[in-house]
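**Student:** Chain residues, written in single-letter form:
Protein chains: 2
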Amino acid sequence: MAPASPPAAHGQSSASSVPLRPLRVILGGYGQVGKNFHELIQTTNSPVRVVAIARRAGAAIDEKGLEPNPRFDRDTPLSTLIESIEADAFVDALPTDIKSGEPGLSLAKAAFKRGLHVVTADKGPIVHGFADLARIAHGADRQLRFEATVGGAIPTLNLVEHGFAGNPVDGIQGILNGTSNFILTRMLEDGMEFGAALEEARELGYAEADPTNDVDGWDAAAKLTILANAVLGVPIRFADVERQGIREITSRAMRIAKDEGYAVRLLASVDRETGRASVRPRLIPERSGLNVGGVLNVVRYRTRYGGSFTVTGRGAGGRETATAVLADVLSLPRPPQA
Amino acid sequence: MAPASPPAAHGQSSASSVPLRPLRVILGGYGQVGKNFHELIQTTNSPVRVVAIARRAGAAIDEKGLEPNPRFDRDTPLSTLIESIEADAFVDALPTDIKSGEPGLSLAKAAFKRGLHVVTADKGPIVHGFADLARIAHGADRQLRFEATVGGAIPTLNLVEHGFAGNPVDGIQGILNGTSNFILTRMLEDGMEFGAALEEARELGYAEADPTNDVDGWDAAAKLTILANAVLGVPIRFADVERQGIREITSRAMRIAKDEGYAVRLLASVDRETGRASVRPRLIPERSGLNVGGVLNVVRYRTRYGGSFTVTGRGAGGRETATAVLADVLSLPRPPQA
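Line order of the protein sequences matches chains D and F.
Just so you know, the first sequence maps onto residues 1 to 338 in our numbering.
Just so you know, the second sequence maps onto residues 1 to 338 in our numbering.
Next up, chain D with everything else stripped away, as it sits in the complex (with noise of 0.2 angstroms):
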């Protein structure tokens, strides 16, 4: 088998001898998410230790580095870890609070009070926070990442910030929620309406019992505030995300539109230019490559000076998430050994 260490990097340079300590991290959530990168963390033999973890019903404390699927014996809540326990990064793997981002937001700022930096796959500090949270994390000179909240494994944030100096991102457009994405194909495909595929999506556990957040475009909506936010720098608030959801399309509809080789598709778009956003049923040319089926998420960006390039993958998942999260944590600096 051919070596699975990371490859000799394009433009890696840095030749450190000064010997760096692994990266202590709290981790807030034990959900699919939050295990996964527990577990990942070993897998890969990353340089990452978690020092503590609460998730609803408990805590679980070792400065030497819990195992996954620790016994959660204690109930310190994560605020309360966030204050006192020695820690590198805060890491929130916690469920989205969509209306109010916390308890997310309010821990973010105490963690960068403490002086960590804040990796987060919780969707709510960052559509609530964001300037915010990049005014405190820039003024403490801690990092705030949050490549896990758009697009599951597929790079959005980090590809931007990486990619595109000089090259700025005019445009985004996108489908960002593969529980409708998925819904909108079993439609278009096999002419099933709207309930009977909702229906199966939740059979299949993409969709929640209150399927609101997927089907009625509030997820794709945070997602595409997120990339307004953070990749245009355009200051667009959740509710100025014009919002229009799939529940009133109708397989009869649908079928017009493939009839005239076209998809419906919940369509996220936002313009530097204008500043406006939206999430709404759009039809898009069957050939388009933004015409992604199932569960598949798709990010297209349009530069000033580059064309434009679309990215495509699973958007969501407990395991591709937590890689997001991970890439994001491994890409902390790391404490020199004491």
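Take the hints with a grain of salt, since some may be wrong.
No copy labels: a pair is met if it fits in one copy or bridges any two.
Subject to a maximum C-alpha distance of 25 angstroms in a straight line, what follows is the list of computed SDA-like cross-link-like pairs (lysine to any residue) [as the list claims (entries may be wrong)]:
| # | residue 1 | residue 2 |
| --- | --- | --- |
| 1 | 258 | 285 |
| 2 | 35 | 308 |
| 3 | 35 | 102 |
| 4 | 99 | 247 |
| 5 | 64 | 165 |
| 6 | 35 | 304 |
| 7 | 64 | 275 |
| 8 | 258 | 288 |
| 9 | 35 | 302 |
| 10 | 258 | 286 |
| 11 | 35 | 165 |
| 12 | 35 | 305 |
| 13 | 258 | 291 |
Quick caveat, the hints were computed from the structure, so don't treat them as lab data.
Note that this is a predicted model, so its numbers are computed, not measured.
Could you slot chain F onto chain D? The hints should help.
**Tutor:** The following block gives chain F in isolation, referenced to the frame of chain D:
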């Protein structure tokens, strides 16, 4: 109009207060890529100064920085410029010699010896000397960057460098040559024969008088060699790539494939585990994300823990490729003011 400045960047927090001076660049070659790079520096007001240029017809030197399209009134060869001009980086925008990698390979070595960083749009030195150059760059604590060698403006190498810590890429597939893809698209969609489609590609400026680089798979094999070495860390040589071009494909074979729901594409692929790399015509399902039309390029990365994702865009064009060169140059550390 919304601000054109770079967006409030995800993850940026360094509050450096040391005044930095512009990067001084020696530019080799002044064709479409070199000239567009020079013009983009001005258009984008980037902190980069082109202090010397050498092209076949002469050289231009101005330590205060040359304007685009200067008078090439010197006859100093590029190697002498690298030996004698005070600069921070050498940018290789020379035409690629796919057989030898020269003169880019020797010039890059000379540049490192002088303490310059090297950014190249020229595939030659990377295809023929990646391991050597990476080692020399590392020893000199200088950077070697070559985003522009693969996929024009599409992020390929930088994307993986920054986005995939902890989640190695195990395989790559792609369409890496826009000219041959244009020809195949005309054959597939319009029933043209190879010769007629090639003629049209020539008329449109997509194909050169001698089309062998494009239609016999040399160009795609060169790019695949770069991806294999730099992204997968698989040390294949250019000659190791199994290579078959598209001259033998008939419109009849194309039609049969199409009737079965397939397209014929010149697919490049490499696998980390086996180390096997090939460029050859393959049947691709019409609805696959790898089936892109016209002059588009596509690269699909199979990651170990995060599934696959696919990047699509224009893989060529002077302006597009120049954006990748500029991004690489802007990623170099800027020296402090004297």
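**Student:** Each hint needs a verdict: does it hold in this structure or not?
**Tutor:** Hints and how they fare:
{"no.": "1", "hint": "258 with 285", "in the structure": "both (9 angstroms within a copy, 19 angstroms between copies)"}
{"no.": "2", "hint": "35 with 308", "in the structure": "between (36 angstroms within a copy, 21 angstroms between copies)"}
{"no.": "3", "hint": "35 with 102", "in the structure": "within (21 angstroms within a copy, 51 angstroms between copies)"}
{"no.": "4", "hint": "99 with 247", "in the structure": "within (21 angstroms within a copy, 59 angstroms between copies)"}
{"no.": "5", "hint": "64 with 165", "in the structure": "between (40 angstroms within a copy, 23 angstroms between copies)"}
{"no.": "6", "hint": "35 with 304", "in the structure": "between (40 angstroms within a copy, 17 angstroms between copies)"}
{"no.": "7", "hint": "64 with 275", "in the structure": "neither (48 angstroms within a copy, 39 angstroms between copies)"}
{"no.": "8", "hint": "258 with 288", "in the structure": "both (13 angstroms within a copy, 18 angstroms between copies)"}
{"no.": "9", "hint": "35 with 302", "in the structure": "between (35 angstroms within a copy, 23 angstroms between copies)"}
{"no.": "10", "hint": "258 with 286", "in the structure": "both (8 angstroms within a copy, 17 angstroms between copies)"}
{"no.": "11", "hint": "35 with 165", "in the structure": "between (35 angstroms within a copy, 18 angstroms between copies)"}
{"no.": "12", "hint": "35 with 305", "in the structure": "between (41 angstroms within a copy, 14 angstroms between copies)"}
{"no.": "13", "hint": "258 with 291", "in the structure": "both (12 angstroms within a copy, 20 angstroms between copies)"}
In summary, the structure is inconsistent with hint 7 from the numbered list given earlier, while agreeing with all the others.
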